[in-house]
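So the sequence lines, in the order shown, correspond to chains R and G. Per full-length UniProt numbering, the very first residue in the first sequence carries number 1; after that it's consecutive. Per full-length UniProt numbering, the very first residue in the second sequence carries number 1; after that it's consecutive.
These are computed hints drawn from the structure, not numbers from a lab. There's no promise every hint is true.
Computed spacing ranges between beta-carbons, pair by pair [said to hold, decoys possible]:
{"#": "1", "chain 1": "R", "residue 1": "115", "chain 2": "G", "residue 2": "284", "range": "39 to 49 Å"}
{"#": "2", "chain 1": "G", "residue 1": "2", "chain 2": "R", "residue 2": "75", "range": "36 to 46 Å"}
{"#": "3", "chain 1": "G", "residue 1": "273", "chain 2": "R", "residue 2": "284", "range": "37 to 47 Å"}
{"#": "4", "chain 1": "G", "residue 1": "3", "chain 2": "R", "residue 2": "156", "range": "20 to 30 Å"}
{"#": "5", "chain 1": "G", "residue 1": "199", "chain 2": "R", "residue 2": "75", "range": "20 to 30 Å"}
{"#": "6", "chain 1": "G", "residue 1": "273", "chain 2": "R", "residue 2": "71", "range": "52 to 62 Å"}
{"#": "7", "chain 1": "G", "residue 1": "24", "chain 2": "R", "residue 2": "284", "range": "56 to 66 Å"}
{"#": "8", "chain 1": "G", "residue 1": "272", "chain 2": "R", "residue 2": "108", "range": "22 to 32 Å"}
{"#": "9", "chain 1": "R", "residue 1": "284", "chain 2": "G", "residue 2": "23", "range": "24 to 34 Å"}
{"#": "10", "chain 1": "G", "residue 1": "151", "chain 2": "R", "residue 2": "268", "range": "43 to 53 Å"}
{"#": "11", "chain 1": "R", "residue 1": "24", "chain 2": "G", "residue 2": "261", "range": "33 to 43 Å"}
{"#": "12", "chain 1": "G", "residue 1": "25", "chain 2": "R", "residue 2": "124", "range": "27 to 37 Å"}
{"#": "13", "chain 1": "R", "residue 1": "23", "chain 2": "G", "residue 2": "199", "range": "51 to 61 Å"}
{"#": "14", "chain 1": "R", "residue 1": "90", "chain 2": "G", "residue 2": "108", "range": "56 to 66 Å"}
The following residues of chain R were derived to be distant from chain G, with all beta-carbon distances above 12 Å [to be verified]:
{"#": "15", "residue": "9"}
{"#": "16", "residue": "22"}
{"#": "17", "residue": "75"}
{"#": "18", "residue": "126"}
{"#": "19", "residue": "189"}
{"#": "20", "residue": "264"}
{"#": "21", "residue": "270"}
{"#": "22", "residue": "272"}
{"#": "23", "residue": "297"}
Per the computed footprint, the stretches of chain R lying under chain G, defined by three or more beta-carbons under 8 Å from a beta-carbon of chain G, are [to be verified]:
{"#": "24", "region": "33-43"}
{"#": "25", "region": "173-186"}
{"#": "26", "region": "213-224"}
From the three backbone atoms N, C-alpha and C, an ideal C-beta is built for every residue, glycine too.
There are 2 protein chains.
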Amino acid sequence: MSAPPASVRIVEVGPRDGLQNEKTIIPAATKVELIDRLSQTGLRTIEATSFVSPKWVPQLADAAEVFAAIRRQPGISYPVLVPNEQGYERARAVGASEVAVFSAASEAFNRKNINASIDESIERFGPVLERARADGVRVRGYVSTVLGCPYQGEVPLADVVRVARRMHAAGCYEISLGDTIGIGTPKKAREMLLAVAAEVPMQALAVHFHDTRGQALANVLACLEEGVAVVDSAVSGTGGCPYAKGATGNVASEDVVYMLEGMGIATGIDLDRLIETGLWLSQQLGRETSSKVARASQ
Amino acid sequence: MSAPPASVRIVEVGPRDGLQNEKTIIPAATKVELIDRLSQTGLRTIEATSFVSPKWVPQLADAAEVFAAIRRQPGISYPVLVPNEQGYERARAVGASEVAVFSAASEAFNRKNINASIDESIERFGPVLERARADGVRVRGYVSTVLGCPYQGEVPLADVVRVARRMHAAGCYEISLGDTIGIGTPKKAREMLLAVAAEVPMQALAVHFHDTRGQALANVLACLEEGVAVVDSAVSGTGGCPYAKGATGNVASEDVVYMLEGMGIATGIDLDRLIETGLWLSQQLGRETSSKVARASQ
Numbered sequence: 001m002s003a004p005p006a007s008v009r010i011v012e013v014g015p016r017d018g019l020q021n022e023k024t025i026i027p028a029a030t031k032v033e034l035i036d037r038l039s040q041t042g043l044r045t046i047e048a049t050s051f052v053s054p055k056w057v058p059q060l061a062d063a064a065e066v067f068a069a070i071r072r073q074p075g076i077s078y079p080v081l082v083p084n085e086q087g088y089e090r091a092r093a094v095g096a097s098e099v100a101v102f103s104a105a106s107e108a109f110n111r112k113n114i115n116a117s118i119d120e121s122i123e124r125f126g127p128v129l130e131r132a133r134a135d136g137v138r139v140r141g142y143v144s145t146v147l148g149c150p151y152q153g154e155v156p157l158a159d160v161v162r163v164a165r166r167m168h169a170a171g172c173y174e175i176s177l178g179d180t181i182g183i184g185t186p187k188k189a190r191e192m193l194l195a196v197a198a199e200v201p202m203q204a205l206a207v208h209f210h211d212t213r214g215q216a217l218a219n220v221l222a223c224l225e226e227g228v229a230v231v232d233s234a235v236s237g238t239g240g241c242p243y244a245k246g247a248t249g250n251v252a253s254e255d256v257v258y259m260l261e262g263m264g265i266a267t268g269i270d271l272d273r274l275i276e277t278g279l280w281l282s283q284q285l286g287r288e289t290s291s292k293v294a295r296a297s298q
Numbered sequence: 001m002s003a004p005p006a007s008v009r010i011v012e013v014g015p016r017d018g019l020q021n022e023k024t025i026i027p028a029a030t031k032v033e034l035i036d037r038l039s040q041t042g043l044r045t046i047e048a049t050s051f052v053s054p055k056w057v058p059q060l061a062d063a064a065e066v067f068a069a070i071r072r073q074p075g076i077s078y079p080v081l082v083p084n085e086q087g088y089e090r091a092r093a094v095g096a097s098e099v100a101v102f103s104a105a106s107e108a109f110n111r112k113n114i115n116a117s118i119d120e121s122i123e124r125f126g127p128v129l130e131r132a133r134a135d136g137v138r139v140r141g142y143v144s145t146v147l148g149c150p151y152q153g154e155v156p157l158a159d160v161v162r163v164a165r166r167m168h169a170a171g172c173y174e175i176s177l178g179d180t181i182g183i184g185t186p187k188k189a190r191e192m193l194l195a196v197a198a199e200v201p202m203q204a205l206a207v208h209f210h211d212t213r214g215q216a217l218a219n220v221l222a223c224l225e226e227g228v229a230v231v232d233s234a235v236s237g238t239g240g241c242p243y244a245k246g247a248t249g250n251v252a253s254e255d256v257v258y259m260l261e262g263m264g265i266a267t268g269i270d271l272d273r274l275i276e277t278g279l280w281l282s283q284q285l286g287r288e289t290s291s292k293v294a295r296a297s298q
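Next comes chain R alone, as it looks inside the complex (with noise of 0.2 Å):
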């Protein structure tokens, strides 16, 4: 166990991961408003939507749209979700220049979601990996199912280290992993971190916890505690699980941010200003907030 970073670096995917699982589809002035909204709060990166095709993610099929209108800040990246190659070339239409890949892994996941092998869920992003190296476009990799998966259960951590490995040697500068389901708890979450870490530096490392179980925080703590210094995590605590219903999504921004300050670990932001975006967020998704800090401060 080393010290935690004196500063953490916090990925805001709300506007993707946070309103792919939210019921309520948004129009897409709001998204851009949300987009902008956050880009005064000191992030850094703020996932922005993904051109995933529109009949699996419904509520995004504004991509081009919200992603041609937002006010891009200097000094913040943008990053977009894109399955493949033609996702690419939509993302890069609009003038994005920085894409995200991902890939469970699970086998069984990626069979049922992609209809793939992890290895082939590998090779089909190669090619994206290949034009965004010709481009000057960055491309971070999401692992998903690190911590277990709803079809096949617990997923080997060998086969978490291989994703992880192979993405960054594909040329992903840095690679998210992603516990889905929020079914970790601590001492698992810091032994697959140390595994990925062992072939992967833990530089180019983020996590990614999803609030599903409450476990979210204590597996930031216990991985921060490792080094990390990259958090994913949404403002007012969007997304949801379609494998547990009423369950709660991505950690909120806010919660993250109040743990990471209180512990004298910097991150920039100003949390007054997250947490009123995320009130103004849950408005116009008509639910109550999922962070915590949030709801305290009313």
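Please build the complex by placing chain G on the supplied structure of chain R, with the hints as guidance.
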């Protein structure tokens, strides 16, 4: 930092600390059923009720009736809160064999709540401890506002240590350190615990976190890493916070047990039964459970 303990004792405080802060007042028979159900989950300590004046805690005005009716099981302790000798006598009259006394670590909180200084509040429970010693009654001590106070803000560590040390010296077998307003973060929780543990043996300490800002499980984790092996929690995460509207109350026992068991730390608790009891309780209270583990199980 040491290794987490191999096993943890959960002190279930829902029937007292939880219910005393719920808006809905449930009938005595329901409280009795709650405690009897909890007695079947593997818990070894269940705080049953409070003999504080009904004027201050109308939710638990039926303390004597409830305590007399529960089916006490061998091997389980059922402490009750007592504010003074009069409360102690009422508790003893119905057969309580363990009691709990309390004091805030904050001067301002004590003055506002019980119109006494810290020293006066400690003097007040002196007679209770003397009588308990003579009667062979075990006494638990609660120190509240250990990480912050709604009136004075910061609470000096020295005050927390002083109250805990005096409770221990006066004969409390265990001191529960409570973040009453749920304002703390892991680094501060850790530092507070270590400061107290420098003067009171770690084996005599428990931690008690409210989840007002979502930090409770992370705080528990940080304290486990320092060797604490007793954790207070409330089934279904009952309770609230009079100082933050809409805030959640005690950390949910289900979520704590899920984390501990997931880390290989034995609790002796049947999580499924605990979840079932919490869901039943939330029905009685007419509100959604605050346990995310319980929500994910539905």
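Now the hints, each set against the structure:
no.	hint	in the structure
1	115(R) to 284(G): 39 to 49 Å	47 Å, holds
2	2(G) to 75(R): 36 to 46 Å	42 Å, holds
3	273(G) to 284(R): 37 to 47 Å	40 Å, holds
4	3(G) to 156(R): 20 to 30 Å	25 Å, holds
5	199(G) to 75(R): 20 to 30 Å	48 Å, violated
6	273(G) to 71(R): 52 to 62 Å	54 Å, holds
7	24(G) to 284(R): 56 to 66 Å	31 Å, violated
8	272(G) to 108(R): 22 to 32 Å	25 Å, holds
9	284(R) to 23(G): 24 to 34 Å	29 Å, holds
10	151(G) to 268(R): 43 to 53 Å	32 Å, violated
11	24(R) to 261(G): 33 to 43 Å	35 Å, holds
12	25(G) to 124(R): 27 to 37 Å	59 Å, violated
13	23(R) to 199(G): 51 to 61 Å	53 Å, holds
14	90(R) to 108(G): 56 to 66 Å	59 Å, holds
15	9	19 Å, holds
16	22	17 Å, holds
17	75	27 Å, holds
18	126	36 Å, holds
19	189	10 Å, violated
20	264	7 Å, violated
21	270	17 Å, holds
22	272	14 Å, holds
23	297	8 Å, violated
24	33-43	violated (count 0)
25	173-186	holds (count 4)
26	213-224	holds (count 8)
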